[in-house]
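Enquirer: Guided by the hints, dock chain X onto chain D, whose structure is given.
Protein chains in written order, with numbering that gives the first Met the number 0: chain D, 0 to 169; chain X, 0 to 169.
Just so you know, the hints here were simulated from the structure itself, not pulled from any lab data.
Glycine included, each C-beta is placed from N, C-alpha and C at the ideal position.
Wrong hints could be hidden among the right ones.
Said to hold, decoys possible - Below, simulated DSSO-like cross-link-like pairs (lysine-lysine); rule was C-alpha separation at most 27 Å, straight line:
(1) D:K59 with X:K21
(2) D:K88 with X:K122
(3) D:K94 with X:K53
(4) D:K125 with X:K94
(5) D:K88 with D:K136
(6) X:K21 with X:K53
(7) X:K47 with D:K47
(8) D:K2 with D:K94
Said to hold, decoys possible - Covered stretches of chain X, going by a simulated chain D footprint (3 or more residues, C-beta under 8 Å):
(9) 10 to 24
(10) 76 to 83
(11) 122 to 130
Residues per chain are reported as follows:
There are 2 protein chains.
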Amino acid sequence: MAKIATVITNLYEDSEFTEPAKAFEEAGHEVVTIEKKAGNVIEGINGKRIKVDKGIDDVKPEDFDALFIPGGFSPDQLRADDQFVEFVKPFMDNKKPVFAICHGPQLLITAKTLDGRQATGYKSIKVDMENAGVTYKDEEVVVCSGHFVTSRTPDDIPAFNRESMKVLEK
Amino acid sequence: MAKIATVITNLYEDSEFTEPAKAFEEAGHEVVTIEKKAGNVIEGINGKRIKVDKGIDDVKPEDFDALFIPGGFSPDQLRADDQFVEFVKPFMDNKKPVFAICHGPQLLITAKTLDGRQATGYKSIKVDMENAGVTYKDEEVVVCSGHFVTSRTPDDIPAFNRESMKVLEK
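If we strip away everything but chain D, and leave its shape as in the complex, we get:
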């Protein structure tokens, strides 16, 4: 089964982490949360607290099979830290499974990994995605090149989970 690197910090959109994580784990995959430091307790926009599994210093991209970026105001904070930007880049370069919802693609913009891709994201980042070279689609889920799954909002989570699971099953 897959080991899924999940980069996340405070003000993440609660359901955009909890619901896909639950679906991944129920299917037997391992979800590893990564923030600045192992053991940090982070809090979602709606108050859900989680204890972080690993610090960014403790992990390498090659230790994981897939990348998951929940939305909210978490991705924008992560991309202010070059370590997170460098961590996510090889997943896109090596076409490993990448799942990004809502503001998740912000981190991939800063990593300069989106040029020529088809994707979606939260409405507020549409122009940023287009400026980064994305063909933006206003659809509940977009799967690009068989490995890169994006969705817009919590309402899209069922479609996001369904397509992410299909990519993991391959």
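Expert: Using the frame of chain D, we list chain X on its own:
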């Protein structure tokens, strides 16, 4: 004196609103806060609550002499609403004074007003600004074309206030 349209919503960076607003008002200018609806109480990242002066339906760009966009997670939420995107555009097009700090330029990216400009902003939005056509400068304050003032973080507020005030005095 100038009437300054200040577009702002929840999770604004407290000091990036309060300190420039205080400086503008002490110099005799009028700061008008604008959110979805007049009377709404909004809350900054650090808990400062303010009551909004005007709703976006109640105002027109031509009623104001200048535009102020405080940072934090406020600009990203405002740009998900087309009314705010359309409201800010004429200030840039008509070269009225525009003051944007931290994440403030996000709203101007979505309004497609930054191509060919010199500016700065919070580190996390650097690549978005460059992709929008900005020459990004990692400086405490950047003044473009004599009307457009940008800064990066709360530490830059003294320089931001100083240069904004110079533009208003012209």
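Enquirer: Please write out, lowest number first, the hints stated earlier that are contradicted by the structure.
Expert: Hint check: 1, 3 and 9 fail, others pass.
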